[in-house]
Structures are given as structure tokens and as C-alpha cells.
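**Q** Following the hints, position chain Y against chain W.
There are 2 protein chains.
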Amino acid sequence: MSEKPELVPGETRKLEVLTAIPKNEGVDSAVAATRRVISALLHAGDRTSAEMGAVAAQLNAIADHLDEHNGPVDDRLVDMWSGEGVTRHDPITGAENAIAPPLHLAGREDGSIGGVVTLGLPYQGPPGHVHGGVSAMLLDHVLGVSNAWAGTSGMTARLTLNYHRPTPLFQELEITGRQMKVEGRKIWTEGVISVDGEPCVSAEGLFINKQVPRPR
Amino acid sequence: MSEKPELVPGETRKLEVLTAIPKNEGVDSAVAATRRVISALLHAGDRTSAEMGAVAAQLNAIADHLDEHNGPVDDRLVDMWSGEGVTRHDPITGAENAIAPPLHLAGREDGSIGGVVTLGLPYQGPPGHVHGGVSAMLLDHVLGVSNAWAGTSGMTARLTLNYHRPTPLFQELEITGRQMKVEGRKIWTEGVISVDGEPCVSAEGLFINKQVPRPR
Chain W
1 MSEKPELVPG ETRKLEVLTA IPKNEGVDSA VAATRRVISA LLHAGDRTSA
51 EMGAVAAQLN AIADHLDEHN GPVDDRLVDM WSGEGVTRHD PITGAENAIA
101 PPLHLAGRED GSIGGVVTLG LPYQGPPGHV HGGVSAMLLD HVLGVSNAWA
151 GTSGMTARLT LNYHRPTPLF QELEITGRQM KVEGRKIWTE GVISVDGEPC
201 VSAEGLFINK QVPRPR
Chain Y
1 MSEKPELVPG ETRKLEVLTA IPKNEGVDSA VAATRRVISA LLHAGDRTSA
51 EMGAVAAQLN AIADHLDEHN GPVDDRLVDM WSGEGVTRHD PITGAENAIA
101 PPLHLAGRED GSIGGVVTLG LPYQGPPGHV HGGVSAMLLD HVLGVSNAWA
151 GTSGMTARLT LNYHRPTPLF QELEITGRQM KVEGRKIWTE GVISVDGEPC
201 VSAEGLFINK QVPRPR
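Going line by line, the protein sequences match chains W and Y. Each step along the first sequence adds one to the number in the UniProt record's numbering, with nothing skipped, and position 45 is 45. Each step along the second sequence adds one to the number in the UniProt record's numbering, with nothing skipped, and position 128 is 128.
Chain W with its partners taken away, still in its complex shape (with noise of 0.2 Å):
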């Protein structure tokens, strides 16, 4: 870790690479109201007063009328991998995911990359704090995301996090990434997760500069 730079907090500019402008804007809209649902479900739990089969009714009448004007997923997955790899639907940053906090990122002109997120209950681990499972989804991304910032991307081949604090739920949280190094098909890559200025988690990565291909 020494030759890590510090990654403070510094001028952002607009990640562009990774805000696809949405045809059917109606959809995010959807997604964040699902995220709503999600919370509340988990806020409610198994002693609510809430009426939960007329809920559950209400929700399962919902995925039959999206399913019903839903193609074929091999022909989803073609549509979603089009254009310049711009992607709306991963579990960290999508506005399509309704599993995506989400987190949005930032590149810095210092060649680093960061966002700032507050996670709610769907995030919980440990009592009132986050999951270090996702924590590690999160940098996992965060990762592969300053690998694309830096201009060379590749898949993860090796992911080390240490856990230096518990990550507190209901607090703002900053991620930051940077890539370190690239020689040959190699990259190094490095991440943490702080609130008020102190690392709770931190990542170590290296990607391998290859690519599943896109579907036809």
C-alpha cells in the first residue's frame, strides 16, 4: 500500500461514460419506486399490521403486466449490451437495477474516481451497519469503474478487501477508486470506503485486461 496515492475528495467532472440517457424515462422512475418498496418491506417485517397477501397481490399483478411486454431475455441481453458500453442495469450503479443503491460516480482530473452514498436497511450486515459483503460489491465496482476511467479496463481476477471499522447504515459514505498500475495484461487497481474522513473498508484489485464477449 505505499505507493498508494491519497485519495481525498477533489474537483469533479461528469462521468459521461456512465450515464446513458434512458429511452423511456418512465422506467427509472419505476426502479426507484421499487427501491421504495424494498425498504418498506424490510421496515415492515413479519410483525406489520399491513395487510401483506393484498400487497403481495398488488405486486405480483405488476410483474405480470411487465412480463407480459417482456421479448425474449437473448434478445434483451443483445439490446442491453449495444451502443458504446454504457450500461444501465448493473447491481451497483443502474438506474434500471432496482437492487443498485445506486451509487453515482464521478472522475476527478487527478485520475481518480468517487460517489458519495447513504445505504439503508436492504444493506444491513452487522446491526445498523452495512453488510461487508456489500461493501466488497460495491469497490468490486468502484474498481472496474477506475479502470475504465484510466482507459484500460479488464475483469477482476483478484480482489483483496480489509475491514478496518464498521461501515455505519443511514450515514453519507464516500467511495473512492484509483487505477495504480498496468503492465502488460495486468492492472492494479485500489478502492476504500470512508465516513467523516476515516477508511472502513478497503480494496486491492487485479483485473485482467480481457472481456467476456457481448451477445449477437
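No lab work stands behind these hints, which were simulated from the structure alone. Treat the hints with care, as some may be off.
A pair holds if it fits inside one copy or across any two, identical chains being indistinguishable in the list.
Capping the alpha-carbon separation at 25 Å, the derived lysine to any residue pairs in SDA-like fashion look like this [to be verified]:
1. Lys186 x Pro213
2. Lys181 x Thr160
3. Lys186 x Glu204
4. Lys210 x Pro166
All figures in this text were calculated on a predicted structure; none of them were measured in a lab.
**A** Just chain Y now, with coordinates in the frame of chain W:
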């Protein structure tokens, strides 16, 4: 990795510590329906002809209804963590968490644990394959449950993931874990995600035997 016993499918028995009985079964069905909505929205994407504005309004109405019945989040946190440590809310196995695939885990007589899961569009990273961060999230949790099954649990201190081959979507994945060693407060645990018997991602974790206090 040389000391690693082979993690083979074997005789399983129910991992009772992980299967709390819901007090309101409707919650589980509402969460299952929400998983269908998450997946259908991703399948729809932003080129769908479905009336997404109407879908968003319906979903927001459901969230509003649930919010009206929900009490303070601090009370919910106390409730979540009451009882014998059996939780239903984590983002990997939680019946109340629509982010969870969910993965069902079972303990084995040989001290390992395992489960199978098939992941769809919400968990995608590279085209048609599981996001490396999702694999990390699943394995961190499986290592934690392996510790619970072995009888000595802790917080993740370091997690190392090795990615051997891309992990496919839409195919049954086997995930196994095993506690390897305990020395003082240090715990070493390993796990692997396999498809058709071939390892895709393996994990080694170091855990420290301490806990975040429960809310009261």
C-alpha cells in the same frame, strides 16, 4: 490453499439457526413478488412499450401504504435483532429482503455448509455473467454462516477473492463454505462458487471473534 479439505456435495441437514419462522407469512410472499418486479423491470429496460409511468405510480402507492404502517426505524432495528440471533433481513439469504436472490444454505455433518442458487439479470456484471461484486457478496456471507455453523463467529477482517472463470447467469451455482482454523480471536474460513463442479470464484476470509452490539 494446500490445507483445504475438498468441499464436495454431501449429506445435508437443515441449518436451523438460519430459518426463523415468519410471524406474518404475507411478508415473504410480498418480498418474492418484489423480486419478480425487480427482474421484470430489468428485463423491460428503457425500450419497453409498457406504461412505465403507471407502473411507477402503482409501486409508489404500495410504498406509501407500507410506510403508513411502519414505525420508527430505531424500533424496527431492535425488533430485527431480538431473539436468538436468527435474522430474516440480510441481503443474501433474507426472506424479507428482495435484494437477496435468496440463497438457501444447509449445514453438513462434515462441518461445511452449502447451497445452490440460480442468478438472473439483477446480478449481471459482464454480459450474461454474474457481477464479480455479487460473487464477493455471496461468498462473504457464506463464510460468515460457515463460522456460525462451526460455532465460532466473528466480523470480517480480510477477504480475498480469486476469480477463476466467469460465473454464468441462468445456471445452477453451488456455493460451499467451511471454517478452516481458529486461533485465539482469529478465524480462517474458505468458500467457493462452482458450476458443474468447476470452481468459478473462491474466497479466503480472516474473521475476528467480536460483534457489533445489538440495538436495544
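**Q** All the hints need checking, so say for each whether the structure fits it.
**A** Consistency of the hints with the structure:
1. In this assembly of identical chains, the alpha carbons of Lys186 and Pro213 lie at most 25 Å apart only when taken from the same copy (19 Å versus 41 Å across copies).
2. For a Cα distance limit of 25 Å, the shortest separation of Lys181 from Thr160 qualifies both inside one copy, at 16 Å, and across copies, at 20 Å.
3. In this assembly of identical chains, Lys186 and Glu204 lie within 25 Å of each other by CA distance both inside one copy and across copies; the values are 13 Å within and 22 Å between.
4. For a Cα distance limit of 25 Å, the shortest separation of Lys210 from Pro166 across copies, 11 Å, qualifies, whereas the shortest one inside one copy, 34 Å, does not.
Figure legend: structure checked against the earlier numbered hints; every hint is met.
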